[in-house]
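Generate coordinates for the entire structure from the input sequences, incorporating the hints supplied.
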Amino acid sequence: MENTTHFGFKDVATEDKQSLVRGVFDSVAGKYDLMNDVLSFGAHRLWKRYTIASSNVKPGDKVLDIAGGTGDLAIEFRKKVGDSGHVILSDINAAMLGEGRKNLINQGVFGVDFIQLNAQYLPFKDNSFDCISIAFGLRNVTDKDQALREMHRILKPGGCLLILEFSTTDSEFLKKFYDFYSFNIMPKLGEIIADDKNSYQYLAESIRKHPNQETLKDMVLNAGFGFCEYHNLSGGIVALHKGIKA
Amino acid sequence: MQHFVLEQALNLLIEKGSINLKPLDQKVVRFSLQDLPLDVNFLCTNNRIFVLNDIDRPSNVAIKLKASAFFSLFKGEDLAELLRQDQITIHGDVKTAQLLVDLLQSIEIDLEEILSRYTGDIIAHEAGKVAANFKKSTKHSSSPINVIKDGFSNLLINPTVSELYKNKQQ
Ligand SMILES: C[S@@+](CC[C@H](N)C(=O)[O-])C[C@H]1O[C@@H](n2cnc3c(N)ncnc32)[C@H](O)[C@@H]1O
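Residue numbers (the working numbering), protein chains in the order written: chain A, 1 to 246; chain B, 1001 to 1170.
These aren't lab readings, by the way, just hints derived from the structure by calculation.
It cannot be assumed that every hint is accurate.
Pair ranges (Cβ atoms, derived) [what the hints assert, rightly or not]:
hint	chain 1	residue 1	chain 2	residue 2	range
1	A	Thr5	B	Ala1080	21 to 31 Å
2	A	Asp11	B	Lys1022	50 to 60 Å
3	A	Lys197	B	Lys1016	28 to 38 Å
Partial pick of chain A residues on the chain B-facing surface, computed with a CB cut under 10 Å [what the hints assert, rightly or not]:
hint	residue
4	His152
5	Lys188
6	Glu191
7	Ala194
8	Lys245
Ideal Cβ positions, reconstructed from N, Cα and C, are used throughout, including at glycine.
Put into structure tokens, the structure is as follows:
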């Protein structure tokens, strides 16, 4: 089949992937935060904390969080940029953005803008942002190279892209444990807690299909970034890539 | 994760307004120790500093020095004096190098205080203790910066295996 891409371990028509991904996140939106805490044993909070701390974002900065979902990163960025800065929380999925909006209001965070958008087409001028983040989102994007080029375009020179994503661990022990966990336990937990086994099966599969650390680094550099480094977290189960526009 | 603490500390200093980064804009300064595994690049851009491991483009300035000279710098030794003694070699623009060394020296003054703004007092205190230990030693097998960074990152990402955490438990 030509013009296909992967949706988890399945091959699907490229134009269908986006709506299939939408289906997954429509379905998990309401239970998303709870599931994140349960499935990662709370570790996603540490990974995100590290991402924020690594961002070098300061008061007055303009920050875009892509695939921002329920807003964890946007909330912290808002605190960092202060009133003189600007944070935009964006996601392709209205249900996830809705949860994000609720979350921010519940936490008393104001002054964040919400935009529904596809990472492949960013409706902003060139050289607009000091920092762009995408956490656990890139693997869901159909054309990752295009999305990375768009991110590069709208970053200011010296601006920083942060990609937090599941990755590849070198440890045989971790690999075995992680495989067992994600293909046996994760979908089961998804079924029990969120009544949605298939979505969590997809999430586990999509993690395996995502490019490893070095491949993603090359993709970032090929998109035009002058510098890219990554840092493994939790033994490489997750990696933070940092691209800098030269 | 490698250069986390160093990058944080430098950027907080810059944010405090004590150092003007404009003269260093778009400059890459490479800093290598001859006898220890420390080889980092400081990229100054968008009025902040990124500390990077390896880069594909040549640096504007390359500073090479022996470990002992490195520790002297951290103790506040004059760069010009070390240059005179041939303890340091600099390829490229010396003025740029001097600006960077000023930054590195000022990190020592307030490491604990700077970190506490980010991490809370306890972690900062532990990291400060590690820094102090390494400042005392000039013979250690790793650089102080790496040890602080790695210790701190471990604590953040995987507290149960962190040496800093273990020390705190005792
Ligand atoms: C696993 S969630 C991550 C949410 C949040 N960043 C976090 O770390 O908790 C992935 C998000 O990516 C969004 N997404 C998927 N494809 C996208 C695309 N092409 N453009 C923008 N967002 C997308 C989904 O709607 C979903 O909210």
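Taking the hints in turn, this is what the structure says about them:
no.	hint	verdict
1	Thr5/A / Ala1080/B: 21 to 31 Å	violated (59 Å)
2	Asp11/A / Lys1022/B: 50 to 60 Å	holds (52 Å)
3	Lys197/A / Lys1016/B: 28 to 38 Å	violated (52 Å)
4	His152	violated (14 Å)
5	Lys188	violated (26 Å)
6	Glu191	violated (29 Å)
7	Ala194	violated (27 Å)
8	Lys245	holds (8 Å)
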